[in-house]
Every structure is written in structure tokens, then in C-alpha cells.
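J.: The hints should help you fit chain W onto chain E, whose structure is shown.
Okay, here's what each chain looks like letter by letter:
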Amino acid sequence: MTRRPVQSSVALVALILTFLFVGCAKEEPPPPTADSAARSTPTPGGAGPGAGGPGAGGPLGGQAAADFQNQDIYFDFDKYDLRADARATLDRKVAFMNQNASVRAQVEGHCDERGTNAYNLALGERRANAAKQYMTTAGVTAARLTTISYGEERPIDPGHTEAAWAKNRRAHFVITGQ
Amino acid sequence: MQKHFLRGGGILLISLVTWWACALAQTRVQIDIEKQSGAELPAIAVPGLLSEGVDPAGQQIRLVLQQDMKYTGLFRVADASAYPETLQAVDQLQYPAWASSGIVAVITGRLGNAPGENQLSLQLALHDIAQQRMRINNNFNGPKIRHREMAHRFSDLVYRELTGDAGPFDTQVLCVSVGKSKGSKDIIIMDYDGHGARPLVGDGGLNLSPALSPNGTLLAYTSYRSGNPNIYVRNLLTGAEERLTSGVGLAMAGSWSPDGRYLALSHTIDGNSEIFLYDTRSKQMKRLTNDWGIDVSPTFAPDGKRLAFVSDRSGSPQVYVMDVQGGAPVRITYEGRYNTAPAWSPRDNTLAFVGRADEDRSLGVYTIRADGNGQSRLGGGPNPDAPVWAPNGRFVMYTSTQGGSRQRYMMRDDGQANHLLPASGPGCLTSQWVARTAR
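Protein chains in written order, with the working numbering: chain E, 1 to 178; chain W, 1 to 439.
Note that these hints are calculated values from the structure, not bench results.
What you were told as hints is all true, and nothing was included just to trick you.
Here are the simulated lysine to any residue pairs, SDA-like style, with alpha carbons at most 25 angstroms apart:
1. E:K79 x W:E359
2. W:K180 x W:G204
3. W:K70 x W:R406
4. E:K79 x W:D358
5. E:K79 x W:R331
6. W:K286 x W:R243
7. W:K182 x E:N70
8. E:K79 x W:D360
9. E:K79 x W:E335
10. W:K180 x E:D157
11. W:K70 x W:H195
12. W:K70 x W:G196
13. W:K70 x W:G403
14. W:K182 x E:A163
15. W:K70 x W:E85
16. W:K144 x W:L50
17. W:K182 x W:L200
18. W:K70 x W:G379
19. W:K182 x E:Q71
20. E:K79 x W:S314
21. W:K70 x W:P391
22. W:K180 x E:H160
23. W:K283 x W:R225
24. E:K79 x W:G336
Chain E with its partners taken away, still in its complex shape (with noise of 0.2 angstroms):
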């Protein structure tokens, strides 16, 4: 382990934008409907201005970008390994960085409100990894791909239903690089 302060890693690329959700889960419990419009993620603390970042109008403005940022896999409760539908998602993920050789991409690990705090954040980690290591296995080089859980700390439906849960329990990814 490293303890002395490593200075700043990564630079991220932000991105905010809007895009309609197309859902894709087939499996219990109850996913999301095909019209929810959905929000992406809000950029994390500490990460830089989006501004030019890929999708924002460069050559992955378009809708394979798009898809890639906005089709999430999803996970049922206290789980963080992949269901059929989300394998599925995750295929055609591997093959956008197949094509796009040069995209890198941040997996983001999300949980529903349900459970403690701290073993969310644990959760959510994993199904970020899980995502990952899909992909990896996949063809995709690891050095491609970063993950970062928040836990229950960014819910896509602020609501306290199931329905709204089953949203919330999520791998979502964001391009940081091309």
C-alpha cells in the first residue's frame, strides 16, 4: 500500500449530457421502461469541466457513443454478478472499444438506497469490477477501463419504489478518453 500522497492521477474527462435512456433489462426484478428518460450521472467532485469531451460533438458525437454512455447493466439486490441482460449490454460495449481503439472509459458502480451506507459503497465497487472484468475478459484492455463506486450516493430515480431501485442498481460508464 501505498501511503504517501501520489499526485494527481488521472485527469478525467467530464461529460454531462442528456440522452434518452433505451432500457435493456429482460430479467426480475421489474426494469426499467424502454421510455424512462433517464439522466447520466452528475460528474464526481474533483473531476475537471467536461468541456470538448468526446460525444460532445468530435467523431464519437454519434449514437454508438451515445448508447455506450447511456445503456446501463443492472443487478439484482445485494448482488454484484452479471445477469443475462447485462452480459448482453456489456457484448455490445466490448464491441464499441473494439472499434474505437482508443476510447477509455470510466465504469461507475451505483447501488440502490436500500442497506448501509459503507456496504454500498463496497457493493458498488464490485459491480463496477464485475463489469470490468467482463470486458477484460472480453479483449479489452484492462489499462482501458477505471472504476469508481458511489454507492447509493447517486441514485438515477430519486424514488423510494422498487421500480425506482432496480434503476438505481447499476454499472453506468462514461468515455474519459479517446
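T.: The following block gives chain W in isolation, referenced to the frame of chain E:
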């Protein structure tokens, strides 16, 4: 209760303490009734303070005392309509009249000006109606702005007089609170009742899992400011700050050892979260766990030799206890498939944690002994989080989303006298309950 008798002093076993002990013994078998209403508890009266002229601090002090007495779980606060007389002096009561009103104790007080600008002089007394005498008669002098502290300190004296334990009222709570910027969380400290909140970390970023060292000077917490969740330790006296962890893995401050030398924390390395001890003297990090599962939320035992933490190495999150010198962790929770957020009582071998009942999957606040025996569900309402112990180990505070938003509650360590605490800013998540750190 018997222990309290002996400690309270052999000769004064009658009246108030007896009354109270009997009432407690009764409520133990009338749990449901008492949860609905505190009517079975003996009544204490807190009439308005006698005062040299009108001072708003007097009314505040009275409200603080009434609030604290309610939260003791020992009393209900009598309505003013039950008072048999109007007070003339702090030390003179018509005891028989109060007795026939069914009131067992009365707190009387006088507020006056003390020499110096904005200083006040506060006399407070506790009357034992059955004994027909004052049990406490104290004077407090100090700045007027600290009148709430004075009232809390008197409440602590009352609690100690009646139970033999330190009181829980002149205390503060460390919280993670919703910040002003979107998605930000601040770390704040405030009185146990939510008053006097002040920010310790509020940089507009995401700050989590604070742990304050026993002497109140070192604040360990997690910040995302580097782009990743890392642990920082800030000296609150000098403002000096040190980053303890680096890398992309999740790092969360857990708990300081009772002697303040070690910080127990969790840190993810190579995708795997483990428990570490950071030694503030040698600046060395020592790894305590080594397994494939999630290991988080370490909490020190008061002996400083053991700690409890959460691990999902069995396939579900459960509470484990291990020796800080090393050795195999021992699993202590076996009921249900979700047991997290352990907090070791500063008093003994009891831990509080959040668990989920198998039958209805509801989350609740539980206690269990460190050997795994004596598990008990105290309550906790919907989605409870982060139980913390009062410094005296007699009360548990936690948050719950009952009513829609996350609010704080406190209850006795047996789950009785569960009370909603006054609102304290948006979304406060309790992290630690400490003795007042600065006067």
C-alpha cells in the same frame, strides 16, 4: 437495575430510584404498550425558570431540559396543567402536593445575570418528591450563548444521579450531510439534538465515512477530490491534512483505537477490499484481512485489542470479530443474509448493527454480544442505517427513512424509548457520537 441500586449508594435506595426501577421492570414486559405511549413512565415536571426579568434563554433552557428528560427513557414530561403550585423559589416545593399530582421529580431553576457582558448565572435543582428533598442543586456560570450546553450538562447530572452512568446529553454527533452543490456531501458536527451544527469538511465534493479520534483532533474521512475515494486525515487544530491512501480502489475510514494511535480502515487493492490498521506513530499500514470477499466497516472494541467488521466471504454480508494482532476472524452473525454496519459499544462487549429479517426482509437495528450470543432486534423503522453508540453505551442513535426523508432517532440500548430527534439539516447520516469536543 440491581447494579444501579448498589452504585447509587446503599442508603438512598428508596423512592425515586425504586419507583423508576419498578417502572422499568414493568415496561420490560409491556414493550408494545410502551412503544405506543410513554404514559407508563413516571412523570417529571420542568416548570418555567424563575428569572430576573424576561430572558428568552430561560425558555430555551426549559425546553432543552424537557427534551433531554424525555430522551432519558426514564420519564415522561408532565404537562403544566398537572402542576399543583406555582414555584416561588428553586429550593422550596410543597412536596405532598406534587406527590398527589403523581409527579415523582421536579426540576426547578433560576436564571440570573452574572458579572461580565452576556454572562448568565443558572441555578438548577432536581427534587425527589417521595424523598421530599433536593437530589441535585447546581450553579452554572458562563456565556449566555452556551445556555443549551449548561442545560445538557444538568441533564447529564440528573442521568448520573439516577442511573450511576454518565449522561448522553452534553455530546455531539458527527454526520455526513447533503451539501450545497449537487451530489456533494459535507461532514458536519453538531449537538446530539441537532443544534449548533458546523461544517468540518465542506468543499463541494463528495465526502464520506468520517471518524474522529478520541481526543477530537484528528478527523479521518473519505473524499473523492482526487478522482477516486481516498482517505484523508485532517488535524482539526492545525488544519494540516495528510492523504493515507492512493490508487483507484475504494478506501473508507472506519474507527480509531481507544488510545487514538491506530485508525482501522478498509481499502480495495486489486479489486478486493480488505481491513487495514494505520499506525499514526510509525505511519505504517498493516493489513489485517486476506480473503476474496468484501471486507469493510471496521469498528474497535473498547479494549483496543479486537475489532469487528463486515465481510461477505460466506456469500452474504455478515459481522466478524478479529484480534488486531491477527488470527482468523470469527463470524458472529448467523441470522439472516444481510448484517452490516457494526458499531462496537464503548461500554462493553455489545455491538449494534443493521440486519435484515429473513421472514419479511425488513431491515432493523440489532444488538449482539461479541461472542455471537444474545442477538436482539431493537427496532429501527424502514431502511435504518449507521447505528452509533452514545459515549456512555446506554443509547443507540441511527437514521431511518420513516416519513420519507432520512431522519435521526435515538433509543435506549434495549430498544425502548425510541424517539425522533429534532431535524438537523438534509439527509444527515450519523457516523459517530462523541463527548463534546470543544467548549
